[in-house]
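Student: From first to last, the protein sequence lines stand for chains P and F.
Oh and the first sequence: position 278 is 277 in numbering that gives the first Met the number 0, straight run, nothing missing.
Oh and the second sequence: position 66 is 65 in numbering that gives the first Met the number 0, straight run, nothing missing.
What the hints contain is simulated information worked out from the structure, not anything from laboratory work.
Just so you know, not all the hints are guaranteed correct.
[To be verified] Residues of chain P placed beyond 12 Å of chain F at every Cβ, according to the derived structure:
(1) Ala148
(2) Gly156
(3) Lys187
(4) Leu329
[As the list claims (entries may be wrong)] Below, a list of computed lysine-lysine pairs in the DSS-like style, where the Cα atoms sit at most 30 Å apart:
(5) F:Lys198 <-> F:Lys224
(6) F:Lys115 <-> P:Lys331
(7) P:Lys325 <-> P:Lys192
(8) F:Lys198 <-> F:Lys298
(9) F:Lys224 <-> P:Lys240
(10) P:Lys164 <-> P:Lys152
(11) P:Lys106 <-> F:Lys320
(12) F:Lys298 <-> F:Lys416
(13) F:Lys224 <-> P:Lys108
(14) P:Lys237 <-> P:Lys286
(15) P:Lys240 <-> F:Lys234
(16) P:Lys325 <-> F:Lys115
(17) P:Lys325 <-> F:Lys198
(18) F:Lys450 <-> P:Lys106
(19) F:Lys198 <-> P:Lys331
(20) F:Lys224 <-> P:Lys286
(21) F:Lys320 <-> F:Lys298
(22) F:Lys275 <-> F:Lys258
(23) P:Lys331 <-> P:Lys152
(24) P:Lys285 <-> F:Lys224
(25) P:Lys187 <-> P:Lys331
(26) F:Lys115 <-> P:Lys108
(27) P:Lys108 <-> F:Lys320
(28) P:Lys285 <-> F:Lys320
(29) F:Lys275 <-> P:Lys325
(30) P:Lys192 <-> P:Lys106
(31) P:Lys237 <-> P:Lys285
(32) P:Lys108 <-> F:Lys258
(33) F:Lys224 <-> P:Lys237
(34) P:Lys285 <-> P:Lys192
(35) P:Lys240 <-> F:Lys416
(36) P:Lys237 <-> F:Lys234
The beta-carbon is built from N, C-alpha and C at its ideal position, and this holds for glycine as well.
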Amino acid sequence: MDILNALVALLNFVVIPAMAYGSQLALGALGVTLIYGILRFSNFAHGDSMAFGAMVTILVTWWFQSMGVSIDPLPTALLALPFGIVGTALMLLATDRVVYRFYRRVKAKPIVFVMASMGVMFIMNGVVRFVIGPDDQRFADGARFIISARDFKSMTGLDEGLAFKTSQGLTIVTAVIVVAALFWFLNKTRTGKSMRAFSDNEDLALLSGINPERVVMITWIIVAGLITIAGVLYGLDKTFKPFTYFQLLLPIFASAIVGGLGSPLGAIAGGFVIAFSEVTVTYAWKKVVTYLLPESLEPSGLVQLMSTDYKFAVSFVILIIVLLFKPTGLFKGQSV
Amino acid sequence: MSQSLRTPFLFALVALLFILEGSSQFWIFSGSWNSSITILNMALISAVMALGVNLQWGYAGLFNVGIMGFVALGGLATVLISMPPTPGAWSGGGFRIVAGLIMGAATIALMIWQHKSMAQGRLRALVMFATLAVGFFVFRWIFDAGVAGVEAINPAQTGYLGGLNPGGQDNYRAHGYMTLLAWPVGALLAAGAAWLVGKTALGLRSDYLAIATLGIAEIILAVVKNEDWLGRGVKNVIGLPRPVPYEVDLQQSTSFIEKADSIGMNVTTASTLAVKLSYSLLFTAVLLVLVILAQLSLKSPWGRMMRAIRDNEVAAQAMGKDVTRRHLQIFVLGSALCGLAGAMMTTLDGQLTPGTYQPLRYTFLIWVMVIVGGSGNNLGAVLGAFVIWFFWIQVEPIGNSVMSFVTSGMSDGSALKSHLLDSAAHMRLFSMGIILLLVLRFSPQGLIPEK
């Protein structure tokens, strides 16, 4: 029974949270990787665009809530998501038109794009704070748990409860659907194929008559979908605060690079690698260890490798290791 | 306008802004010399940071977005040097902490040695992993007890190792020169961190350095915030000694009172101004020395080599220049300047408050300064620092006046009106973004272009 309890604790505190967090990172990293593959720069405004998408969704959610529209037991935010995606897509297309297109025309160096994205980041940061404020916002509603810890205990008779939050379940399911749709799009449709061709070899793609502006436009629209979904899921799962989205930039970049910049499959793998390492390194293993070891060996401390405040250090260290030993990432991105 | 005229003209214009802030009360100007000098002091410090960034970006084209981390390290150095050692902290666990850190470093060194000397394969991976696991637990075993020992000493007031001030708990303020000693140490600390980052990320794609520096800044800040034994973390260290006199002492000195009276000033105001002005003088001296050095280096063969590398790496490499090594060198130098500025800033504040370090304020704002001023031009970076810092402070009153104009037609107490008025503060980030994008697009050379 103790082994079962340990397993449940492990699932509850490590596997499920890391799966949900990994899905969110993967969606974010897919966006970074797509932009990198097509537009060839690291987008520093990514985290704040994510906050923007989540913000639009939250505003529409509040509007729905005030009108009494709900799809209980699912959160209303799901219903507002399409509006958020459209809003974010419009915003991204506008920034592309106003900011990035000029630099594409003059064939500026990638670092100039990065600088420009820094300016966009500032503006987005200001806009989000201006509209919704810098504080935490609550917008989750509907059923909180798919399985609550108490139900699980009475169901199985174990000492250790397993809580499976709706937001976590939603995150995982949504991520699977989104990723499947994205891969289908990239591999099966004409537009998707032209995007991959453009990413592989720009000149060749241009010669074969692919319209670059159209490819770029579609990329931004897909990115808008990905980041709004990622941002809303993260907000539902944890909390919405503009600054945390800015901070997500590091783990998202790390995921994309670990997987190999420009490789969509790599972005997903990278997201889970980062999420699982972050959670396992910062989790206090005392509970699991106590179940597994005989009483005489019970640990006195928390058995935590690192305090949770160092979770950024984990993504950073993995990033550095990958940069040192395999700069192209796990899935052979286009980098170096 | 030719550049030789343009530079002094622009600097004169900025000087005018500061004079207006001190002397007149129309529009955004507050008419208080106190506020003018406060802005000036921070602008001087920002100028040092901007010089450092310009060294990296303007000379070598390196994109460093970890300025905040290096600034925080400089601040930490100020605490570690200028505060008195906490009585009993070293014997109560300090040596254990150091031993633990040495143990940790030894583990990593051993792993590097194993990586180098053993043949690639599963055995090497296994040995290295075992070393890491054993080393980590030994490190934690030694280190944790030391930390607990140090943090238990009077946690409300100290609970950290303290610094090297020879004055002791009671008399450390008399040794204000210790803060000045901390400045170069801050630069050294930052240089060390930069060396580690540069060693790994330089030589790869240009955006990788950006991402690596973004990461190191977050980690340095996490360490400063959480390692209470080092700098009290978010509990802050307050009351750092000063290299300049205290207001209270000035107010009691008869010669100072006489002087204040002779120019017809209130003694309290005069003392505040005198203290702030002495800081300004100190910072100006540092900035002047740095600008002169930077200008000399730019004109030297070394500076020419750097620009040659920046403009065409392949050609420079073909001429036998070690590009990665030169990049590492300049990256370390520039980061050291940021560390120095961080130490100066903590000295000015008189306290270390890790909770207030924000990447937008300490990293990205400095970038706006460099780009607006003119990347590749030291004077441009300095000018940019003054202009942008002035507007960073003044955007708030500007935003307030814009908002009260916009909302003047709305009824009092409406939710929208109060929201708009409250949000005026966020205009800062927004306007900085706009300025950055406009300059980047329409005048990428900045206010004072590189010759």
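Student: Compare the structure with each hint and give your call.
Tutor: Against the structure, the hints come out as follows:
1. Distance check on Ala148 (chain P): its Cβ is at least 30 Å (rounded) from any Cβ of chain F, clearing the 12 Å threshold; non-interface status holds.
2. Even its closest Cβ contact with chain F, about 36 Å, leaves Gly156 (chain P) beyond 12 Å, as expected for a residue assigned away from the interface.
3. Non-interface call for Lys187 (chain P) relative to chain F: holds, since the shortest CB-CB distance, roughly 31 Å, exceeds 12 Å.
4. Non-interface status of Leu329 (chain P) relative to chain F is upheld: no Cβ of that chain comes within 12 Å, the nearest being about 16 Å off.
5. Taking the CA atoms of Lys198 (chain F) and Lys224 (chain F), the gap is near 25 Å; set against the 30 Å cutoff, the hint holds.
6. Of the pairs offered as hints, the one joining Lys115 (chain F) and Lys331 (chain P) holds, with about 24 Å between alpha carbons and a cut-off of 30 Å not exceeded.
7. Restraint check for Lys325 (chain P) and Lys192 (chain P): satisfied, since their Cα atoms lie roughly 28 Å apart, inside the 30 Å limit.
8. For the hint linking Lys198 (chain F) to Lys298 (chain F), the alpha-carbon distance of about 27 Å falls within 30 Å, and the restraint holds.
9. For the hint pairing Lys224 (chain F) with Lys240 (chain P), the CA-to-CA distance comes to about 20 Å; that is within 30 Å, so the pair holds.
10. A distance of roughly 15 Å separates the Cα atoms of Lys164 (chain P) and Lys152 (chain P); the hinted pair therefore holds under the 30 Å criterion.
11. With a CA separation close to 28 Å, the supplied pair Lys106 (chain P) and Lys320 (chain F) stays within the 30 Å bound.
12. For a cut-off of 30 Å, the pair hint linking Lys298 (chain F) to Lys416 (chain F) is broken: about 55 Å separates their Cα positions.
13. As the CA atoms of Lys224 (chain F) and Lys108 (chain P) are separated by approximately 37 Å, the hinted pair breaks the 30 Å bound.
14. Between Lys237 (chain P) and Lys286 (chain P) the CA atoms are separated by roughly 23 Å; this keeps the pair inside 30 Å, and the hint holds.
15. A distance of roughly 24 Å separates the Cα atoms of Lys240 (chain P) and Lys234 (chain F); the hinted pair therefore holds under the 30 Å criterion.
16. About 16 Å separates the Cα atoms of Lys325 (chain P) and Lys115 (chain F), which keeps this hinted pair within 30 Å; it holds.
17. Taken as a hint, the Lys325 (chain P) and Lys198 (chain F) pair is honoured in the structure, with Cα atoms around 15 Å apart against an allowance of 30 Å.
18. A distance of roughly 23 Å separates the Cα atoms of Lys450 (chain F) and Lys106 (chain P); the hinted pair therefore holds under the 30 Å criterion.
19. Restraint check for Lys198 (chain F) and Lys331 (chain P): the C-alpha separation of about 23 Å stays at or below 30 Å, so the hint holds.
20. Distance hint between Lys224 (chain F) and Lys286 (chain P) is fulfilled; the C-alpha atoms sit about 27 Å from each other, no more than 30 Å.
21. About 18 Å separates the Cα atoms of Lys320 (chain F) and Lys298 (chain F), which keeps this hinted pair within 30 Å; it holds.
22. Between Lys275 (chain F) and Lys258 (chain F) the CA atoms are separated by roughly 17 Å; this keeps the pair inside 30 Å, and the hint holds.
23. Of the supplied pair hints, the one linking Lys331 (chain P) and Lys152 (chain P) is violated, its CA atoms being roughly 45 Å apart against a limit of 30 Å.
24. Taking the CA atoms of Lys285 (chain P) and Lys224 (chain F), the gap is about 25 Å. The hint holds against a cut of 30 Å.
25. A distance of roughly 22 Å separates the Cα atoms of Lys187 (chain P) and Lys331 (chain P); the hinted pair therefore holds under the 30 Å criterion.
26. For the suggested pair Lys115 (chain F) and Lys108 (chain P), the alpha carbons sit about 37 Å apart, so the restraint of at most 30 Å is broken.
27. As the CA atoms of Lys108 (chain P) and Lys320 (chain F) are separated by approximately 23 Å, the hinted pair is consistent with the 30 Å bound.
28. A threshold of 30 Å between alpha carbons decides the hint, and for Lys285 (chain P) with Lys320 (chain F) the separation of about 54 Å lies outside it, so the pair is violated.
29. For the hint pairing Lys275 (chain F) with Lys325 (chain P), the CA-to-CA distance comes to about 52 Å; that exceeds 30 Å, so the pair is violated.
30. Between Lys192 (chain P) and Lys106 (chain P) the alpha-carbon distance is near 24 Å, which keeps this suggested pair within the 30 Å criterion.
31. Between Lys237 (chain P) and Lys285 (chain P) the alpha-carbon distance is near 24 Å, which keeps this suggested pair within the 30 Å criterion.
32. The hinted pair formed by Lys108 (chain P) and Lys258 (chain F) fails the criterion: a straight-line CA distance of about 59 Å is larger than 30 Å.
33. Annotation: proposed proximity of Lys224 (chain F) to Lys237 (chain P) holds, straight-line Cα distance about 22 Å (limit 30 Å).
34. Taking the CA atoms of Lys285 (chain P) and Lys192 (chain P), the gap is about 50 Å. The hint is violated against a cut of 30 Å.
35. For the proposed pair Lys240 (chain P) and Lys416 (chain F), the alpha carbon gap of about 23 Å is at most 30 Å, so the pair holds.
36. Between Lys237 (chain P) and Lys234 (chain F), the direct Cα distance comes to roughly 26 Å. Compliance with the 30 Å bound is thereby established for this hinted pair.
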